[in-house]
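Asker: Given only the sequences and the hints, what does the whole structure look like? Please build it.
Protein chains: 2
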Amino acid sequence: MPPNTLSPGPEQQCPIVRSVARVGDWWSILILRDACYGLSRFDEFQKSLGIAPTMLTRRLAALVKDGLLQRWRYSERPPRNEYVLTESGRDFQPVIWSLLAWGNKHFAPEGESVVVIDAETGERADPVLVDRATGRPLARPAFRTAAGPAANPRIRTRYAQKGANP
Amino acid sequence: MPPNTLSPGPEQQCPIVRSVARVGDWWSILILRDACYGLSRFDEFQKSLGIAPTMLTRRLAALVKDGLLQRWRYSERPPRNEYVLTESGRDFQPVIWSLLAWGNKHFAPEGESVVVIDAETGERADPVLVDRATGRPLARPAFRTAAGPAANPRIRTRYAQKGANP
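Those protein sequences? They're chains A and B, same order as listed. Under this note's numbering, the first sequence has 108 at position 108, and the numbering climbs by one with no breaks. Under this note's numbering, the second sequence has 1078 at position 78, and the numbering climbs by one with no breaks.
I should point out that these hints are in silico values taken from the structure, not numbers from a laboratory. One or more of the hints may lead you astray.
[What the hints assert, rightly or not] List of simulated lysine to any residue pairs, SDA-like, C-alpha gap at most 25 Å:
#1 B:Lys1105 to A:Arg156
#2 B:Lys1105 to B:Gly1122
#3 A:Lys105 to B:Asp1066
#4 B:Lys1047 to A:Glu82
#5 B:Lys1065 to A:Glu112
#6 A:Lys105 to B:Arg1090
#7 A:Lys105 to B:Val1084
#8 B:Lys1105 to B:Ala1142
#9 A:Lys65 to A:Glu82
#10 A:Lys65 to B:Gly1111
Answerer: Structure (structure tokens):
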């Protein structure tokens, strides 16, 4: 799917839309997964993902353009680039670990093949999304999505219509 | 991107891959967003997303096939289907809210347009991914990804190579 099918402009204010416009294809998500893991070179990504070089070039360029990866040249001859996560790219890690937890829970009948661990102790972590202040797990119907302070009329209408829904 | 570009079989054991194979395109993610929000009918999704009917039909069928939505006929004449989240579909909500938090943090210069709130009090929640037992926020380098008990040799090798990386 071409990256420009979704155009998150002022008319498209939903933060979920803005996020998926940047990472809404699996190659981007898997490249970020690998970058979070420590891979940085073209051939490392290619070997890890088994992705066609032209596709990888395109996806890396889009991630650089969207500010999730930074490119820098580590060799002039031959010309070689490295791709390093920016702050917003690093902040994608919780999304990746949310996908991991969801995959482990529902699509891993043989057991967990990849887990999150405490880097020091090696102890298993069990990822759960909570409210930072209260520690309560974020789930419906106790929590819901609503229009925020900067919402435009379209968003306000949207959440007013079904706002009371679980 | 056709849904069959990634084929998560036994050789593709990573739970992140298995997850994105099911939701690795933005239409699927946005359909699940809308379903979590309470939409269930074809024309509701279409109106919300501005998606072409043929694409919507295709994406709904894939989500039903993958067990994230359940289809049931609420009218025989005319024939009309409703799409309701299954348990695994409902469990996708934290991923959506992780995407929301990430979008709000990095791609909403004008402020937050959509937020998560306590359904009863209306108070803002601040989504953060933590370890369930200890409540510690899951971030590198304190936490990292590692091979789990069911990992096959390929996954083990992968995480052995760069396992100590931050």
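Asker: Each hint: holds or not?
Answerer: Checked hints:
1. Distance check on the hinted pair: Lys1105 of chain B and Arg156 of chain A sit about 20 Å apart at the alpha-carbon level, within 25 Å; holds.
2. Simply put, Lys1105 of chain B and Gly1122 of chain B have alpha-carbon atoms about 20 Å apart, close enough for the 25 Å limit, and the pair holds.
3. For the given pair, Lys105 of chain A sits about 14 Å from Asp1066 of chain B by alpha-carbon distance, which is consistent with the 25 Å threshold.
4. Simply put, Lys1047 of chain B and Glu82 of chain A have alpha-carbon atoms about 42 Å apart, too far for the 25 Å limit, and the pair is violated.
5. Of the supplied pair hints, the one linking Lys1065 of chain B and Glu112 of chain A holds, its CA atoms being roughly 23 Å apart against a limit of 25 Å.
6. Annotation: proposed proximity of Lys105 of chain A to Arg1090 of chain B holds, straight-line Cα distance about 12 Å (limit 25 Å).
7. With a C-alpha separation of about 20 Å, the suggested pair Lys105 of chain A and Val1084 of chain B falls inside the 25 Å cut-off, and the hint holds.
8. Proposed proximity of Lys1105 of chain B and Ala1142 of chain B is supported: the alpha carbons are some 22 Å apart, at most 25 Å.
9. As the CA atoms of Lys65 of chain A and Glu82 of chain A are separated by approximately 15 Å, the hinted pair is consistent with the 25 Å bound.
10. Proximity of Lys65 of chain A to Gly1111 of chain B is assessed by CA-CA distance (about 22 Å); at most 25 Å being required, the pair is judged to hold.
Comparing the model with each earlier hint shows a violation of hint 4 alone; every other hint is respected.
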